[in-house]
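Please build the complex by placing chain B on the supplied structure of chain A, with the hints as guidance.
Chains A and B, in that order, give the protein sequences.
Position 262 (the first sequence) corresponds to 262 in the working numbering; numbering is contiguous.
Position 102 (the second sequence) corresponds to 1102 in the working numbering; numbering is contiguous.
Don't take every hint at face value.
[To be verified] Residues from chain B that keep clear of chain A, each with C-beta distances beyond 12 Å, as calculated:
#: 1; residue: C1014
#: 2; residue: R1023
#: 3; residue: G1030
#: 4; residue: E1045
#: 5; residue: P1077
#: 6; residue: G1081
#: 7; residue: E1095
#: 8; residue: L1121
#: 9; residue: F1134
#: 10; residue: F1160
#: 11; residue: I1170
#: 12; residue: A1181
#: 13; residue: E1184
[To be verified] If you want a taste of the chain B side facing chain A, the calculated C-beta under 10 Å gives, among others:
#: 14; residue: L1004
#: 15; residue: P1061
#: 16; residue: R1062
#: 17; residue: L1085
#: 18; residue: G1090
#: 19; residue: D1091
#: 20; residue: R1106
#: 21; residue: L1114
[Unchecked claim] The following residues of chain A were derived to be distant from chain B, with all beta-carbon distances above 12 Å:
#: 22; residue: C25
#: 23; residue: A120
#: 24; residue: G314
None of these hints come from the bench; they were simulated from the model.
Fair warning: this is a prediction, and the values are worked out from it, not measured in the lab.
Idealized CB from N, CA, C, for every residue including glycine.
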Amino acid sequence: MDGDKLGDLLETLCPMFALLDANGCIRRVGPTLQKLRPHRSMAGQGFLNLFELVRPKTVTTVPELMAAAGAKLSLKFRDEPKTALKGLIAPLPDNQGAVVNLSFGISILEAVTDYALTSADFSGTDLAIELLYLVEAKSAAMEASRSLNLRLQGAMLAAEEQAYTDTLTGLRNRRAMDHILEHLVSSKAAFALMHLDLDFFKAVNDKLGHAAGDHVLREAARIMLEETRSDDTVARIGGDEFVLIFKGLLDKSILAKIADRLISRLKQPMEFEGQPCVISASAGTALSSQFSAPTPTDILHAADLALYAAKRSGRSLHRFYCEQAQAGS
Amino acid sequence: MHGLINRAIQSFVCATYGQDCWRRATEAAGLGFVEFEAMLVYDREKSYRLLDALCTDLKRPRDEFLEDLGTYLVSHPNMEGLRRLLRFGGDTYVEFLHSLDDLSDRVRLAVSDLELPALELVECSPNEFELRCFPGMEGYSSVLVGILRAMADDYGALVFLSHLGNRDGIDVISMTLVESAFAEGRRFELGARSS
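Here chain A stands alone, though its shape is the one from the complex (with noise of 0.2 Å):
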């Protein structure tokens, strides 16, 4: 088959092929790849001149060229856009040069922008416009599931915050606090638990009616948190009973002085649509420092004798929890 019927064969089947003489000089190129440098014969000049061999990298000159029949070649071009290309060759008979067969591989996205390609610039074979599509489609298909997830994720948030609320005061509730000493103990930090009890708080739900008592509850908590550092825990864990969590905090006088701001501003009368609502609180406090291997339960266990012990004293009072004291009791 002479040179000229091979062409065109060429050009129906593959329209990015280039027909090489035996110095590797190009005698003809297919109708896309001649688009790529719509300016400038691609006829006439040498392939190597036009494109450089990325791999396999020994090759560089015409005869090893040749040479590299049926093995996966990639090359770039030498100016810009230096779009990379995939390409294959095959030596013609009696040393008459060669024909090399170029598509894009994956910069095939690129390449769709950079030289405006349309459907007929690829052979009818070619996967290419079933590859943009599908990027496309599936580009389409990720984002729709993404803003789904998005906003799952911030239900989930959401969800997750009410689950650890309180809702009434916006305090911690006592699966937080569970949770948060769980990990305090399992991480063994030093920390301060006090168990603080409103006094008198069910003679004003009763006496003023539950829109009172939630009025009281919302005071109490707002009045903890002023009282509190950011990273202490406030948690309301039953009617009217909070647990106060002091991260990193053991010394008494601390604690003593902490306590007893809170018991008298709990103590000053709140006001409810011009009542008065007087409540007070008592309070008692565990040190994870008081014990070798403290539990959840211990600890617990421990802020509970002590505000029982300070209930006893009678009102209005705070306590620690003393280790030979409750073993005597």
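Only chain B this time, still in chain A's reference frame:
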């Protein structure tokens, strides 16, 4: 019905008739929610209840409403991504028509749980076609009529379309191509991805 389909209806109604109309219909249909999620699958019966509520609210027959939905899917700027995916079907309107045979497979390739009824194009003469729409989704052929009409405009082709109705369970749409390059049509570049 797949969330993408419900979402398409939602987008069409909100863009064309407004949020209030959409909200009224979701309430009338007793959905219990207002927004569909594109990537979840819903009870088919919910979607049809919603369609009935919308048609009652708008006082329009269902097939007309669905045809307009089909037109919206191709021609509205909100749906540019979908128009592009359809244009991948071919360079000319006739090539596009032939690509419809693969439409349900193409769709499944992109979103594996989105199932659309099979389509078959019958070439009656070089200018006359019939699109046979197999059962599986009531009203699908009406949406297709809208899509085919809007895609003809997109390619710049002049086409006469009519819904021939149901033959042995298969909905048939007939098409006569009067001129394939009647008007300029809209541009389609392989690399110009919609955002």
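Against the structure, the hints:
| no. | hint | verdict |
| --- | --- | --- |
| 1 | C1014 | holds, 17 Å |
| 2 | R1023 | holds, 19 Å |
| 3 | G1030 | holds, 23 Å |
| 4 | E1045 | holds, 22 Å |
| 5 | P1077 | holds, 15 Å |
| 6 | G1081 | violated, 5 Å |
| 7 | E1095 | violated, 9 Å |
| 8 | L1121 | holds, 18 Å |
| 9 | F1134 | holds, 22 Å |
| 10 | F1160 | holds, 27 Å |
| 11 | I1170 | holds, 27 Å |
| 12 | A1181 | holds, 15 Å |
| 13 | E1184 | holds, 16 Å |
| 14 | L1004 | holds, 7 Å |
| 15 | P1061 | violated, 31 Å |
| 16 | R1062 | violated, 26 Å |
| 17 | L1085 | holds, 6 Å |
| 18 | G1090 | holds, 7 Å |
| 19 | D1091 | holds, 5 Å |
| 20 | R1106 | holds, 7 Å |
| 21 | L1114 | holds, 9 Å |
| 22 | C25 | holds, 32 Å |
| 23 | A120 | violated, 6 Å |
| 24 | G314 | holds, 56 Å |
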